[in-house]
Amino acid sequence: MRQPLKVVVVGGGTAGWMAAAAIASVLRPETREIHVIESSEIGIVGVGEATLPHLRFFNKRIGIDERELMAKTQATFKLGIEFRDWARPGDSYIHPFGAYGSRIAGVPFHNYWLRALAQGQAAPLEEYSLPIVAARMNRFALPSEDPTAVMSTFGYAFQFDASLYAAYLRGFAESRGVRRTDGKIVDIRLRGTDGFVESVQLADGSLVSGDLFIDCSGFRGLLIEQALKTGYDEWTRWLPCDRAAAVPCENAGPLTPYTRATAREAGWQWRIPLQHRTGNGYVYSSSFISDDEAGSKLLSRLDGKALADPRFLRFTAGRRRKTWNRNVVAVGLAGGFLEPLESTSIYLIQIAITTLLDYLTDAPLTQAGAFDPRTVDAFNRWIEMEYDRVRDFLILHYHATERHDEPLWDYCRTMEVPDTLKHKMELFRHRARVVTYKDGLFLEPSWLAVYFGQRVMPTAWDPLADGLDISDVSARLQAVHERVQSAVARMPAHEEFLEKYCPAETPAVTRNVLT
Amino acid sequence: MNSAVRNVAIVGGGPVAWIAAAALKRAFRHRELEVVVVDCGNSHDAPVGRWTLPSQRGMHALIGIKEVDFLRRTGATFKLATEHHGWHGAGSRFMHPHGDIGWKLGATPFYKYLLIQQLGGHDENPEDYSLAAIAARLGRFARPMGEDNELTSSFTYAFHLDEAAYTAYLQEHAMALGVRRVPGSLADVALSPIGNVTAVNLVGGEQIGGDLFLDCSGSDAVLMGRVSRGARDDWSATLPCDRMWSVRAGAVDNPPAMTLTTATTAGWLWRSPLADSTMVGHVFSSAHMSEDEAFAQLQQTASDLAGKSLLNRFMSGRRRLFWERNCVALGTAAVELEPLAGADLHLAQLGIGTLIELFPIAAESSIEASEYNRVMGEQADAVRDFTLAHYRVGSVPVGEFWSALRSTPLPQRLAEKFELYCANARIGLLDFEPFEEVDWAWLLLGAEVLPDAVELQVRTQLEAVTPEQLAPVRTHLERLAASMPRHIDYVRGQGPQKSHAAKS
Numbered sequence: 001m002r003q004p005l006k007v008v009v010v011g012g013g014t015a016g017w018m019a020a021a022a023i024a025s026v027l028r029p030e031t032r033e034i035h036v037i038e039s040s041e042i043g044i045v046g047v048g049e050a051t052l053p054h055l056r057f058f059n060k061r062i063g064i065d066e067r068e069l070m071a072k073t074q075a076t077f078k079l080g081i082e083f084r085d086w087a088r089p090g091d092s093y094i095h096p097f098g099a100y101g102s103r104i105a106g107v108p109f110h111n112y113w114l115r116a117l118a119q120g121q122a123a124p125l126e127e128y129s130l131p132i133v134a135a136r137m138n139r140f141a142l143p144s145e146d147p148t149a150v151m152s153t154f155g156y157a158f159q160f161d162a163s164l165y166a167a168y169l170r171g172f173a174e175s176r177g178v179r180r181t182d183g184k185i186v187d188i189r190l191r192g193t194d195g196f197v198e199s200v201q202l203a204d205g206s207l208v209s210g211d212l213f214i215d216c217s218g219f220r221g222l223l224i225e226q227a228l229k230t231g232y233d234e235w236t237r238w239l240p241c242d243r244a245a246a247v248p249c250e251n252a253g254p255l256t257p258y259t260r261a262t263a264r265e266a267g268w269q270w271r272i273p274l275q276h277r278t279g280n281g282y283v284y285s286s287s288f289i290s291d292d293e294a295g296s297k298l299l300s301r302l303d304g305k306a307l308a309d310p311r312f313l314r315f316t317a318g319r320r321r322k323t324w325n326r327n328v329v330a331v332g333l334a335g336g337f338l339e340p341l342e343s344t345s346i347y348l349i350q351i352a353i354t355t356l357l358d359y360l361t362d363a364p365l366t367q368a369g370a371f372d373p374r375t376v377d378a379f380n381r382w383i384e385m386e387y388d389r390v391r392d393f394l395i396l397h398y399h400a401t402e403r404h405d406e407p408l409w410d411y412c413r414t415m416e417v418p419d420t421l422k423h424k425m426e427l428f429r430h431r432a433r434v435v436t437y438k439d440g441l442f443l444e445p446s447w448l449a450v451y452f453g454q455r456v457m458p459t460a461w462d463p464l465a466d467g468l469d470i471s472d473v474s475a476r477l478q479a480v481h482e483r484v485q486s487a488v489a490r491m492p493a494h495e496e497f498l499e500k501y502c503p504a505e506t507p508a509v510t511r512n513v514l515t
Numbered sequence: 001m002n003s004a005v006r007n008v009a010i011v012g013g014g015p016v017a018w019i020a021a022a023a024l025k026r027a028f029r030h031r032e033l034e035v036v037v038v039d040c041g042n043s044h045d046a047p048v049g050r051w052t053l054p055s056q057r058g059m060h061a062l063i064g065i066k067e068v069d070f071l072r073r074t075g076a077t078f079k080l081a082t083e084h085h086g087w088h089g090a091g092s093r094f095m096h097p098h099g100d101i102g103w104k105l106g107a108t109p110f111y112k113y114l115l116i117q118q119l120g121g122h123d124e125n126p127e128d129y130s131l132a133a134i135a136a137r138l139g140r141f142a143r144p145m146g147e148d149n150e151l152t153s154s155f156t157y158a159f160h161l162d163e164a165a166y167t168a169y170l171q172e173h174a175m176a177l178g179v180r181r182v183p184g185s186l187a188d189v190a191l192s193p194i195g196n197v198t199a200v201n202l203v204g205g206e207q208i209g210g211d212l213f214l215d216c217s218g219s220d221a222v223l224m225g226r227v228s229r230g231a232r233d234d235w236s237a238t239l240p241c242d243r244m245w246s247v248r249a250g251a252v253d254n255p256p257a258m259t260l261t262t263a264t265t266a267g268w269l270w271r272s273p274l275a276d277s278t279m280v281g282h283v284f285s286s287a288h289m290s291e292d293e294a295f296a297q298l299q300q301t302a303s304d305l306a307g308k309s310l311l312n313r314f315m316s317g318r319r320r321l322f323w324e325r326n327c328v329a330l331g332t333a334a335v336e337l338e339p340l341a342g343a344d345l346h347l348a349q350l351g352i353g354t355l356i357e358l359f360p361i362a363a364e365s366s367i368e369a370s371e372y373n374r375v376m377g378e379q380a381d382a383v384r385d386f387t388l389a390h391y392r393v394g395s396v397p398v399g400e401f402w403s404a405l406r407s408t409p410l411p412q413r414l415a416e417k418f419e420l421y422c423a424n425a426r427i428g429l430l431d432f433e434p435f436e437e438v439d440w441a442w443l444l445l446g447a448e449v450l451p452d453a454v455e456l457q458v459r460t461q462l463e464a465v466t467p468e469q470l471a472p473v474r475t476h477l478e479r480l481a482a483s484m485p486r487h488i489d490y491v492r493g494q495g496p497q498k499s500h501a502a503k504s
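Each protein sequence line maps, in turn, to chains A and B.
The numbering used here applies: residue 1 is where the first sequence begins, and numbers increase by one.
The numbering used here applies: residue 1 is where the second sequence begins, and numbers increase by one.
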């Protein structure tokens with residue numbers, strides 16, 4: 001066996017501790033040495049309090065106990081995201097973690113629904129989705145393992161306190177031998193021969209060297225950008241929001257098993273209910289609203305009493321040209337930024353880490369071995385694909401709107417979107433067909449939720465769906481509807497379930513944490 | 001206003017035309033779709049012997065063909081594998097079975113274990129962990145059985161076909177479904193002012209109208225050629241074979257359920273067993289071997305060649321757009337490729353399936369065509385890559401043909417696939433690829449191409465697994481295969497017969 005791989009993680013926070021915890025857990029102790037450098041002076045951004053169901057696979061892979069994690073992070077369950085006012089003020093739809101009905105004779109369910117709708121024989125589409133119906137009624141239960149049960153038609157994610165999550169992962173990682181140093185990096189030393197990062201120097205003069213550096217230093221990209229000048233592809237022309245104001249508030253009303261994203265005059269506002277408080281934020285474009293105004297709008301639109309002053313963040317939508325450059329892999333905001341509209345921040349961290357773990361080889365730790373450009377290029381292509389697919393999906397939310405007389409929305413409604421998205425939308429409008437792909441985020445139900453939820457209505461459906469008698473279609477729809485309603489009727493209230501499953505151990509001190 | 005498609009006219013007389021006709025007729029029986037095949041006879045653009053991929057079974061199920069009946073009436077046999085001889089130098093051989101290598105070790109495919117063993121200098125053979133490979137080698141056959149995760153279900157199968165018998169069978173089946181057949185050959189086509197086909201005119205004056213037209217006429221693409229000039233992606237620089245001889249030979253006693261190929265100095269010979277005869281052929285590059293010489297080499301492989309031989313000329317490549325206006329090219333009218341991967345019918349069927357899924361809402365719409373071309377373009381390139389990969393991995397036979405082949409640049413997507421594998425043993429698949437990870441593993445392991453390194457996680461996970469631990473599995477598979485019926489007995493005994501595969 002070769003020498004242990006020395007991994008230096010630059011920056012704590014969600015990305016840094018997810019990376020450290022995963023590497024520590026997946027690679028055997030004798031094969032790696034992991035060192036996290038974080039500065040208590042700098043503090044963390046604490047990206048993303050709302051997650052996607054994929055995080056459960058991550059937890060499973062690295063051996064995290066879900067109930068313990070939830071209890072320690074004030075977590076609640078998440079069945080989807082409610083979008084309010086996106087196509088028109090007053091609209092509401094939920095993007096669910098689950099399907100609408102199931103295929104009939106190989107044809108996606110929504111085609112039959114469209115057909116029945118045209119005959120006046122269909123309920124609203126969301127009533128055929130178990131996670132939506134449950135979310136609307138604030139109910140929750142774990143999905144069933146039996147694939148024939150309607151209770152198996154959904155997944156779930158978590159809403160949690162990001163700083164508690166980072167703290168939890170830190171404990172997890174440290175108990176598996178990860179070293180942590182509190183220190184500020186003042187210099188980065190590159191190797192003369194190949195420009196690889198050799199070591200980082202801390203304020204106290206000490207040097208930390210490594211084979212592989214994981215840059216989790218946030219937007220500024222201490223290693224990937226400041227030292228290696230990797231470059232950044234900006235997507236502001238499609239995703240113009242570049243600021244966020246965030247503030248926690250007291251809980252009011254029942255704990256919703258979903259996140260809410262409400263369209264606002266110059267962006268959108270998030271609402272993420274946790275056991276002890278609610279996270280809120282206003283993501284906006286600085287071209288269309290000032291920080292002060294955004295902050296005060298946010299404060300005026302909270303459910304409960306604000307627990308702090310708003311904190312402000314700046315960002316630029318886009319992706320680092322190479323996520324992996326030489327011996328540096330950028331994870332989290334150092335790798336790219338896509339606004340948290342679809343809770344993809346933690347997903348993108350997760351995918352960078354797990355893909356890295358998949359691609360790490362047992363080759364010698366040389367440039368030609370562990371940092372083989374063939375591996376690095378393939379890794380970068382993969383991450384690019386992930387970002388690009390999320391990007392198109394986010395753009396759809398801004399573009400498919402009828403909002404007008406607001407400069408941001410007028411711009412987005414009329415902008416040129418990427419050809420890939422244009423094609424997807426045309427095909428859907430023309431015949432209700434969703435363009436699908438093998439890898440990457442957002443499957444058919446996600447696209448359906450946003451298309452239908454934002455009034456992208458198809459003018460026709462798959463002709464194969466005409467193969468059944470309308471009475472038969474009607475009966476099948478009715479059966480799904482009944483199964484969903486009766487299953488949800490048997491589910492406990494979200495709060496009740498939480499109380500039994502993962503009550504937070506102590507009423508956590510309220511923190512001013514950004515999402 | 002746009003009008004719905006009511007009539008489909010298909011030009012061509014081979015299996016692709018009839019499969020397309022039957023599949024469309026069945027899929028759209030609710031709207032009483034009229035399907036007519038303008039049968040221009042066998043254009044002889046295709047091999048007289050064919051071998052398929054396992055997807056043929058799915059297509060049969062879809063159009064309502066009963067397997068037992070089909071086998072009895074067409075003289076087809078089963079196919080568990082292809083065995084390739086001489087591709088990596090004299091005396092070399094490897095198999096590409098239709099099935100798994102071993103089983104999943106946790107979440108890790110079994111072939112990674114083999115790679116680790118081989119990298120460590122141990123001689124572990126993937127064929128020892130494949131029931132399909134062992135059965136094929138022993139001349140045995142039984143259908144897969146048992147639950148999904150059992151070794152007895154770790155494989156699937158395809159068919160060897162007699163083209164003429166299969167075509168006749170498909171034609172009868174399609175006509176029973178209500179497909180109309182009009183024999184004749186194409187004189188010209190009538191176009192609307194915007195360039196859509198409105199009708200095909202046959203020699204003799206008959207006119208066949210339609211809303212949608214399929215060109216299954218073979219490499220001449222007699223219909224498509226009149227609709228557009230049709231830009232083409234030429235693959236002949238990397239795939240120089242451009243001729244194929246095929247001819248019938250006598251039956252062998254209990255042929256194994258596999259296709260054989262043998263590398264020659266300018267291409268490869270093939271042998272595809274049928275119930276009562278054997279089809280043989282030679283695919284070669286005319287730049288490197290004369291037609292006569294190629295035929296002479298074919299003659300040496302069998303003493304009992306019978307009947308007319310057929311020479312088929314082609315040039316590897318594809319139409320850039322398979323669907324233009326209201327006309328869709330399928331089969332060799334769309335993609336011309338040597339049958340090394342046995343995927344010609346598979347690709348045509350993917351086209352038919354995609355066409356059914358994207359069946360135009362209105363005859364005039366073009367958005368479906370653009371999606372169809374995107375998806376099928378990827379699929380066609382993937383089949384090309386897999387075919388080409390046979391020539392580009394491992395060591396190579398001696399000769400100008402083989403060395404010239406290796407000097408041409410690889411398509412980017414295939415180069416990336418090889419690079420990733422060589423760097424870290426990963427096999428990466430794009431969105432639309434008809435061949436799976438295990439197919440690539442068979443090919444790469446068969447060529448003895450070892451990666452420079454394997455994934456650290458996989459190394460850690462599989463380090464402790466030894467060939468000794470797995471010995472009982474190898475023995476079990478041997479016994480299981482040996483207990484299956486002889487292939488030819490299984491073919492002859494087709495009927496509702498109980499499988500002889502032993503219970504584990």
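These are computed hints drawn from the structure, not numbers from a lab.
Beta carbons are placed, not taken as given, at the ideal position from N, Cα and C, and that holds for glycine.
Don't take each hint at face value.
Once the Cα atoms are required to be at most 25 Å apart in a straight line, the calculated BS3-like pairs of lysine-lysine come out as [to be verified]: (1) A/Lys422 / A/Lys438; (2) A/Lys60 / A/Lys422; (3) A/Lys500 / A/Lys60; (4) A/Lys438 / B/Lys104; (5) A/Lys229 / A/Lys6; (6) A/Lys60 / B/Lys308.
Ranges of calculated distance between the beta carbons of each label pair, as one might list FRET restraints [what the hints assert, rightly or not]: (7) A/Asp358 / B/Glu291: 27 to 35 Å; (8) A/Asp358 / B/His85: 54 to 62 Å; (9) A/Ala105 / B/Trp103: 30 to 38 Å; (10) A/Pro364 / B/Trp103: 27 to 35 Å; (11) B/Ala471 / A/Pro4: 43 to 51 Å.
Hint numbers the structure violates, sorted upward?
-> 2, 6, 7, 8 and 11
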